[in-house]
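Engineer: Chains as they are written, first to last, in our numbering: chain A, 1 to 33; chain B, 1001 to 1090; chain C, 2001 to 2379.
Check each hint, because a few of them may be wrong.
A partial selection of chain C residues facing chain B, derived with a Cβ cut-off under 7 Å [what the hints assert, rightly or not]:
| no. | residue |
| --- | --- |
| 1 | Asp-2010 |
| 2 | Gln-2065 |
| 3 | Phe-2067 |
| 4 | Gly-2095 |
| 5 | Leu-2116 |
| 6 | Tyr-2118 |
Pair by pair, the computed Cβ-Cβ distance ranges are [unchecked claim]:
| no. | chain 1 | residue 1 | chain 2 | residue 2 | range |
| --- | --- | --- | --- | --- | --- |
| 7 | B | Ala-1051 | C | Glu-2274 | 48 to 54 Å |
| 8 | C | Pro-2046 | B | Arg-1086 | 34 to 40 Å |
| 9 | B | Pro-1019 | C | Glu-2108 | 21 to 27 Å |
To be clear, the hints were calculated from the coordinates, so they are not data collected in a lab. Glycine is no exception: its CB is placed at the ideal position from the N, C-alpha and C atoms.
What follows is the residue order along each chain.
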Amino acid sequence: MDAIKVEETPEVAEIEDELLVEEISIDGMCGVY
Amino acid sequence: MTVALAGAYEIAGQVAIRPEPFGALAYHYGNRRLVFLRRPELVALLRNLGAHDSLAGALEATGIDPSRWPSFVKALASLEESEIVRVRQA
Amino acid sequence: MSAKPETLIDELKRGLDAPICLTWELTYACNLACVHCLSSSGRRDPHELSTDQAKAVIDELLALQVFYVNIGGGEPMIRRDFFELVEYATTNGIGVKFSTNGTYIGPEEAARLTALDYLDIQISLDGVDAATNDRVRGEGSYLIAIRAMDNLRAAGFGPFKISVVVTRDNVDQLDAFKALADSYGAQLRITRLRPSGRGADSWHELHPTAEQQRQIYRWLLAHGEDVLTGDSFFHLNGLGEPLPGLGMCGAGRVVCLIDPLGDVYACPFVIHDEFKAGSVLDGGGFTEVWRESALFRSLREPGSAGACVSCGSYDACQGGCMAAKFFTGLPLDGPDPECVTGHGDAALSGLVGAAPRPMADHSKPSTVVFLARKPAPAR
């Protein structure tokens, strides 16, 4: 990463794609009946 | 069904939210859906929903930078689909 | 500079402060004597948790905010306090699914169960006909299960689950199982046979062949959204597109077992001292065992691929199932006995000496005797 902080960095695009929720199945965990 | 910034939302009644180091676990006892909330600020937003008349208001109150609002709207839409969050009943 | 965000799976592998859900075997007593019973059940253990001790466990689970508990055994409905414990859990905020052979679900019990909220029922069935089923579960067990399902339907219980352990003998019945579940408005669950408990003795004859495992995998890809698996087939993920589920072993990380004596194990398929983390009766209760036990801490350390390090499938299969390896005598840092690349077969044929035996056998003398392989039926 550049030492100079730039306002519009590639991180903006990353943030727009940030994965804030992830659903998993309560029945989809191994080690349970 | 899209989530609107002007809309008023709330956490659904049968939902429990359990804090985790990275955010929280949300579980709906009725439909048994289980969702990981990956950021603490999303958890804070959800807890603020009930106190604000609009999603935009709740986002602001939670201190979430507007550049991130699109991600949060998307997250809310996903949470609405799993019934974790719903349009606030009058 | 920010590091690449961890995936959810990475975080789950490090373990949570409380399980997401867990299995709780209420009793080792059982009226059946299935060949492959993972808990070698049959006779009640004199040191079973009392009703008060069981309620204390429920209180701890509530404090930990465990949302959901899978109750089993043995046959959980044999316990005289079965309804009392289930109602205590569901009325206080823990969802319950219990696994049963159905013997004790008469019309009255079906009605009582229907009246409870936050309750799921899972009926065990290992064949779509009495011949296939009863061969592993004992004579009459098929009819017992069907009658229980009929009673639940008549009582208006709503969707329940039918849980099938997939064996060499029932792999070709998957479509028929699905149809059976559909006919009851029930959800089908198929689960992997592990060489655990009494399963150790018949695993080599009962477990699906390599070709049958591909068959299972393809079938799940086609029906994955309707059929549950408990993520028990993640060892097949090396075959291609990953199956739905976390794709990892949850033992000691997001799930565990509490046995009828209050002993805590990594999962129900490793009831053995090697995988015992502690007891709910220890000073710090279940909470301390979950958070601080040496076993669970070590399971939450990043694992090494060990002998699988150069295999391209390792990322997908994670080296498979600890229980499958342990009870076939394979090392834990190597391939699963059903490894899809065949490395497990190679490892098994190189084995010297006996595999570890299941501990604490509660089997009754009248256990179903596994008959020698019957001739292939005419199709």
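Engineer: If you test the structure against every hint from before, which numbers come out violated?
Structural biologist: 1, 5, 8, 9
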